[in-house]
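Here the structure of chain A is known, so what remains is to put chain B in place on it, guided by the hints.
There are 2 protein chains.
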Amino acid sequence: MLYTPAVARLVEELSKLPGVGPKTAQRLAFHLLKVPEEEARSLAEAILDAREKVAYCRRCFNFAQEELCEFCRDGRRDPSLVCVVERPQDIVAVEKTGEFRGLYHVLGGAISPIDGIGPEELRIRELLERVRREGIREVIVATNPRVEGEATAMYLANLLKPLGVRTTRIASGLPVGGDLEYADEVTLGRALRGRLEI
Amino acid sequence: MLYTPAVARLVEELSKLPGVGPKTAQRLAFHLLKVPEEEARSLAEAILDAREKVAYCRRCFNFAQEELCEFCRDGRRDPSLVCVVERPQDIVAVEKTGEFRGLYHVLGGAISPIDGIGPEELRIRELLERVRREGIREVIVATNPRVEGEATAMYLANLLKPLGVRTTRIASGLPVGGDLEYADEVTLGRALRGRLEI
Chain A
1 MLYTPAVARL
11 VEELSKLPGV
21 GPKTAQRLAF
31 HLLKVPEEEA
41 RSLAEAILDA
51 REKVAYCRRC
61 FNFAQEELCE
71 FCRDGRRDPS
81 LVCVVERPQD
91 IVAVEKTGEF
101 RGLYHVLGGA
111 ISPIDGIGPE
121 ELRIRELLER
131 VRREGIREVI
141 VATNPRVEGE
151 ATAMYLANLL
161 KPLGVRTTRI
171 ASGLPVGGDL
181 EYADEVTLGR
191 ALRGRLEI
Chain B
1 MLYTPAVARL
11 VEELSKLPGV
21 GPKTAQRLAF
31 HLLKVPEEEA
41 RSLAEAILDA
51 REKVAYCRRC
61 FNFAQEELCE
71 FCRDGRRDPS
81 LVCVVERPQD
91 IVAVEKTGEF
101 RGLYHVLGGA
111 ISPIDGIGPE
121 ELRIRELLER
131 VRREGIREVI
141 VATNPRVEGE
151 ATAMYLANLL
161 KPLGVRTTRI
171 ASGLPVGGDL
181 EYADEVTLGR
191 ALRGRLEI
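Residue numbers (the working numbering), protein chains in the order written: chain A, 1 to 198; chain B, 1 to 198.
The following block holds chain A by itself, in its conformation from the complex (with noise of 0.2 Å):
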């Protein structure tokens, strides 16, 4: 035995975390036991408080401690924009970006037939529902540029264009700051596709 029973039992929870293997979560455990007392007690409570009031936003399925999330309440946000993204995670890179002041749908994830989500797993219907109760003007479908990203905004656009939507598909190019000698040739040959006039 290792570790003090308590001590192996709180290595075990951390090393459950995503990106967190045997010697991070000893790292982490070591630490949460070195810390004041206060520190570590802040850190669980922040996990259980979070737990205990975080739900999803009724509407766009945002993480949210009301009714609805900070989004879909604020007034001075564009209610006929909505950007459609795979995760919450996503919302917080897209208003990093500063561009962006409509509202959001969060899907729950892609269509991956592998990993057994089809389109009834996610909140397609809730976007259809909003597309023709909400008067809106234009859907930017946000999905990862993966394969299942990409089905799943194939997929939306299929449904959402017999509604008389505007459907919009976020660019694939070239990072800022990229090099054409290391990009590799599908994302090339997509920022070529989509070029703009200058």
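Warning: the hint list may mix true and false statements.
Computed far set for chain B versus chain A, every beta-carbon distance over 10 Å [unchecked claim]:
(1) Gly19
(2) Ala29
(3) Ala40
(4) Asp49
(5) Ala64
(6) Gln65
(7) Arg125
(8) Ile140
(9) Pro162
(10) Leu188
(11) Leu192
Cut-off 20 Å, straight-line C-alpha distance, at most; resulting in silico cross-link-like pairs (DMTMM-like, lysine to aspartate or glutamate) [to be verified]:
(12) B:Lys34 / A:Glu38
(13) B:Lys53 / A:Glu38
(14) A:Lys16 / A:Glu45
Just so you know, the hints here were simulated from the structure itself, not pulled from any lab data. Beta carbons: idealized from backbone N, C-alpha and C, even for Gly.
Relative to the frame of chain A, chain B by itself:
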């Protein structure tokens, strides 16, 4: 505001962990919001439980749930042989070798004037008392082979030798599987000076 308050607090608490930057903290927070509530609760409880139950071993200052740690309570270990380490996690590293069947003594760090850690901040007095009282035959100094650990080892040797106890230092040299070409010259120099008959 990128996150709802309870999520913001969780991200902030997680980012206080060593090696966890804001991006990782966000990933961990969203993970903890997504997993079954029971899993998140288990982690929080493991933290609280560890801080409640775990204190220091009265004899060797390893982490312990009782007065004495696992090793100090284990009658099959040789109490005349003591391995001195800087931190409790160093005990785990020594134990994993399977080469040591004695007891430990955790200093709580190494002498480092730049960090304000002098000999008084470490459990050196307690080590000397153990040597006087417990009939210790050999003290193996296994502080880290860095400047602070080496200085601490020298300091301990000067105090321990007059007490008539054999004082040894773990070997420095090339790591097993290492390569002379890539070894730094200090390590290779140590390996040469520490050569053994074959």
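Comparing the hints with the structure gives:
no.	hint	in the structure
1	Gly19	violated, 7 Å
2	Ala29	violated, 7 Å
3	Ala40	violated, 5 Å
4	Asp49	violated, 5 Å
5	Ala64	violated, 6 Å
6	Gln65	violated, 5 Å
7	Arg125	holds, 21 Å
8	Ile140	holds, 19 Å
9	Pro162	holds, 33 Å
10	Leu188	holds, 27 Å
11	Leu192	holds, 31 Å
12	B:Lys34 / A:Glu38	violated, 26 Å
13	B:Lys53 / A:Glu38	holds, 15 Å
14	A:Lys16 / A:Glu45	holds, 18 Å
Going through the hint list in order, the structure does not satisfy hints 1, 2, 3, 4, 5, 6 and 12.
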